[in-house]
Amino acid sequence: MQRLALLVPTLLGLSVLLFLWVRALPGGPATALLGERATPDAVERINALYGFDRPLVEQYLTWLGQLLQGNFGTSTRTGRPVLDEFLVRFPATIELTLLALVIAVGVGIPLGYLAARHQGRALDHTTVGASLLGVTIPVFFLAFLLKYLFAVQLGWFPSAGRQDPAMIATHPTGFYVVDGLLTREWDAAWDAVAHLILPAVALGSIPLAIITRITRASVIEVQNADYVRTARAKGLRPPRLRRRVVLRNAMLPVSTTIGLQVGLLLSGAVLTETVFAFNGIGSFLANAVFNLDYAVLQGFILFIAVVYAVVNLAVDVSYGLIDPRMRVR
Amino acid sequence: MTTDPSAQSLVNATAGEATGSPGSSGRDAGASIWRVAARRLRRNPGAVLGGVIVLVFVLVALLAPVLAAYGPEALPGRTEIRPTYIPGPSAEYPLGLDRYGGDLLSKLIWGARASLLIGVLSTLLGLLGGALLGLLAGAFGGWVDSATMRLVDLMLSVPSLLLAVSIAAVIGQSSTAVIIAIGVVQVPIFARLLRGTMLSQRGQDYVLAARSLGLSRRTVTMSHVLPNSLGPVIVQATLMLATAVIEAAALSFLGLGGGSPTTPEWGRMLTAAQNELEVAARLALLPGACIAVTALGFTLFGEALREALDPKTRKR
Numbered sequence: 001m002q003r004l005a006l007l008v009p010t011l012l013g014l015s016v017l018l019f020l021w022v023r024a025l026p027g028g029p030a031t032a033l034l035g036e037r038a039t040p041d042a043v044e045r046i047n048a049l050y051g052f053d054r055p056l057v058e059q060y061l062t063w064l065g066q067l068l069q070g071n072f073g074t075s076t077r078t079g080r081p082v083l084d085e086f087l088v089r090f091p092a093t094i095e096l097t098l099l100a101l102v103i104a105v106g107v108g109i110p111l112g113y114l115a116a117r118h119q120g121r122a123l124d125h126t127t128v129g130a131s132l133l134g135v136t137i138p139v140f141f142l143a144f145l146l147k148y149l150f151a152v153q154l155g156w157f158p159s160a161g162r163q164d165p166a167m168i169a170t171h172p173t174g175f176y177v178v179d180g181l182l183t184r185e186w187d188a189a190w191d192a193v194a195h196l197i198l199p200a201v202a203l204g205s206i207p208l209a210i211i212t213r214i215t216r217a218s219v220i221e222v223q224n225a226d227y228v229r230t231a232r233a234k235g236l237r238p239p240r241l242r243r244r245v246v247l248r249n250a251m252l253p254v255s256t257t258i259g260l261q262v263g264l265l266l267s268g269a270v271l272t273e274t275v276f277a278f279n280g281i282g283s284f285l286a287n288a289v290f291n292l293d294y295a296v297l298q299g300f301i302l303f304i305a306v307v308y309a310v311v312n313l314a315v316d317v318s319y320g321l322i323d324p325r326m327r328v329r
Numbered sequence: 001m002t003t004d005p006s007a008q009s010l011v012n013a014t015a016g017e018a019t020g021s022p023g024s025s026g027r028d029a030g031a032s033i034w035r036v037a038a039r040r041l042r043r044n045p046g047a048v049l050g051g052v053i054v055l056v057f058v059l060v061a062l063l064a065p066v067l068a069a070y071g072p073e074a075l076p077g078r079t080e081i082r083p084t085y086i087p088g089p090s091a092e093y094p095l096g097l098d099r100y101g102g103d104l105l106s107k108l109i110w111g112a113r114a115s116l117l118i119g120v121l122s123t124l125l126g127l128l129g130g131a132l133l134g135l136l137a138g139a140f141g142g143w144v145d146s147a148t149m150r151l152v153d154l155m156l157s158v159p160s161l162l163l164a165v166s167i168a169a170v171i172g173q174s175s176t177a178v179i180i181a182i183g184v185v186q187v188p189i190f191a192r193l194l195r196g197t198m199l200s201q202r203g204q205d206y207v208l209a210a211r212s213l214g215l216s217r218r219t220v221t222m223s224h225v226l227p228n229s230l231g232p233v234i235v236q237a238t239l240m241l242a243t244a245v246i247e248a249a250a251l252s253f254l255g256l257g258g259g260s261p262t263t264p265e266w267g268r269m270l271t272a273a274q275n276e277l278e279v280a281a282r283l284a285l286l287p288g289a290c291i292a293v294t295a296l297g298f299t300l301f302g303e304a305l306r307e308a309l310d311p312k313t314r315k316r
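These protein sequence lines are chains A and B, in that order. Yeah, the first sequence ends on 329 if you go by our numbering, and it's all consecutive. Yeah, the second sequence ends on 316 if you go by our numbering, and it's all consecutive.
Derived by calculation from the structure, the hints in this document are not laboratory data. Each statement offered as a hint is correct.
Now the stretches of chain B that chain A is said to cover, found in silico as 3 or more residues with beta-carbon under 8 Å:
no.: 1; region: 154-163
no.: 2; region: 236-249
no.: 3; region: 253-260
no.: 4; region: 271-281
Even glycine gets a Cβ: it sits at the ideal position worked out from N, Cα and C.
Can you build the whole structure from these sequences, using the hints too?
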């Protein structure tokens, strides 16, 4: 509860910073909208229309009031409400980041565990080396490599987009994979999955490397802990010991790490979505930067900060479930 | 962008050295741990590899005018370029030409200079800013501390790349913008780290000893607490160099780096090569590899340094 209460001032502070930041952009929104050679008259009209000519405090309070009512302003580029633009694209990014996280967790934890069990042997060294590479290869470069190898050269996967444009599919939820399953359009669902795989692998690479390393280090530490020795001395059989004692205790630092990866995934989505022309919030945000689309930038960054904060809060709360010693008071 | 988990143990190590001889200054105690660390680094193959990689790239960057056959923006093979054909490696151009007729090898060499300069300057900026904030918070405590840390929390509540993108967007598209953006993003990380280590140092016995000997708070902070808090910061800075090089490339990949398509900067070259994958993949592969290897060098060295300064793994 205390943590939840702390979220409010943080978000308010962030909203002030974001508001001031957008006002500091060069050129101003009217110039960005109308181009360099806009007449002063036209600039004034746009300023009056969007309220850019009011005092800053008034502009901020108006903006904040609108935010609270779910009105995130209008994109100066598309003329559509920011919230709509966001909601249309958010499912795409959720699908992408979730799959990336599933890959990172699903491969990272077993790999880290195996490396720890075989500490000092070839498997361990390979894993440690590979995870080091995973952290140092830039996401967008890896995305390039995957696209070049598996889409351009081998042709196994599509190279861009969320779904084949020729595919006629209905989208009741906006989650293309789920849509395909719901409407029983299996080919559409599979096509959406195929479009997701390469970007998700690229996006998941850094979290995968980090999760593998943390799992390995954590398992090694727990393996040598006194309580594990005690449990073994009391006659707990190795398979049960590994599952109930080692793995469970080793998962604590790993679960914290997984929460921290969400920020990395959302950042990485900006790059990966751009490489794969994947129409999610990441590529839309990248475009908004060029168009100096204030409302979109403000709204999207605030959205992402909220998502980030909520996920980390959820991780904190989940400690209590995994480890009774850490119940959040 | 995780905070350094071994910071705590590192602090204890330095403090342990200092408490052994409470009369000596923090600097002496620092020197001995650094000597031990240097010896351990030389024995660690990862550290040697990382150090060699970093050294090679730094040398290439420094000696770029001597090593590169052509100038940074020169297009010696302009007339040989066709829309569907870009000449590959030859005697004259060891790594072939790029889309605009520039010599790829020369551009990679000049790129080392640009990328390393951006990485080093932005990390220095982040280090200075973070040190200033962390020092303020750690030295004064009280409301200064809370105010500073709230600001740090705020900055950390936005994923780092997004923060950098926003800052670069405000400043405008140039390499200066990239340096400032990446530097500012690092400020909260350094600030929090330095404050944390300083706080745990302040509770140490040697600080009490120094205070009871009549040294002023300022002297204790500047010549005892600060030197003893530097270890984790230096480790973090080395690791940050890797992140800075990668993020600089990411920003210029997103078009925030400024310059023209012929500007020799690795991220920029990678972006320009985006549409040439089928014509000449090496145009993307080589700059990408340079970024990755440089980052690998800094990471290897940074992690080895962390291990070398960690008392838990010492004397084994």
